[in-house]
Amino acid sequence: EAAVTQSPRNKVTVTGGNVTLSCRQTNSHNYMYWYRQDTGHGLRLIHYSYGAGNLQIGDVPDGYKATRTTQEDFFLLLELASPSQTSLYFCASSDQGRNYAEQFFGPGTRLTVL
Amino acid sequence: GDSVIQMQGQVTLSENDFLFINCTYSTTGYPTLFWYVQYSGEGPQLLLQVTTANNKGSSRGFEATYDKGTTSFHLQKTSVQEIDSAVYYCAMKTGGYKVVFGSGTRLLVSP
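Residue numbers (this note's numbering), protein chains in the order written: chain W, 1 to 114; chain Y, 115 to 225.
Think of the hints as simulated: they come from the structure by calculation, not from any bench. No false leads were mixed into what you were given.
Chain W side only, calculated, beta carbon under 10 angstroms to chain Y, not exhaustive:
| id | residue |
| --- | --- |
| 1 | V4 |
| 2 | G40 |
| 3 | G42 |
| 4 | L45 |
| 5 | Y48 |
| 6 | Y50 |
| 7 | G58 |
| 8 | D59 |
| 9 | C91 |
| 10 | A101 |
| 11 | Q103 |
| 12 | F104 |
| 13 | P107 |
Quick caveat: nothing in here was measured; it's all calculated off a predicted structure. For each residue, glycine too, the CB sits at the ideal point set by N, CA and C.
Assemble the whole structure, with the sequences as input and the hints as a guide.
Okay, here's the thing in structure tokens:
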């Protein structure tokens with residue numbers, strides 16, 4: 001059973017729309033991350049969290065909010081979606097208690113903003 | 115700040131060709147370097163990692179080398195197969211909580 005799941009897998013919205021992307025991990029990891037993936041840019045970090053109620057700003061946070069409600073669940077919120085936010089979004093988890101910890105990624109959510 | 119540069123956007127090879135992908139990094143810290151692979155329709159997954167203590171790592175026929183002098187690290191495979199077609203990302207972690215990724219290299223292997 002997949003340890004990092006994302007929903008929805010595909011989402012289409014209009015400019016100005018409100019979107020919530022969900023991520024759940026069953027790895028018992030403390031760290032969770034949201035990335036966007038765009039051609040020519042690779043993976044860019046939006047927000048991350050090291051536990052329930054915690055939020056850290058990543059490298060491209062503008063236009064995004066995030067919330068970590070439990071150790072398992074991490075949400076990405078786009079309150080006024082814009083076409084520039086059309087992208088493939090990945091969630092990941094990591095056990096930062098281990099040295100050299102790898103990140104485990106979900107399958108991605110493809111978001112289109114019209 | 116920390117950065118990773120991956121110049122090769124796409125590499126096209128035939129089966130049994132030699133693969134070499136190069137990345138350079140910049141940091142004031144002590145990096146752990148990773149290679150992730152992303153197959154079509156999936157999220158990235160760890161291929162291998164190289165710590166400062168070792169300079170090499172290997173997995174699934176791939177080998178990574180790390181050169182502190184030139185702040186570069188490389189992924190290579192002696193004989194690629196069609197199933198190796200994927201996007202390969204180099205990445206760096208410097209003891210904090212973030213991993214910095216390169217822009218990715220798409221490998222296309224024709225039979």
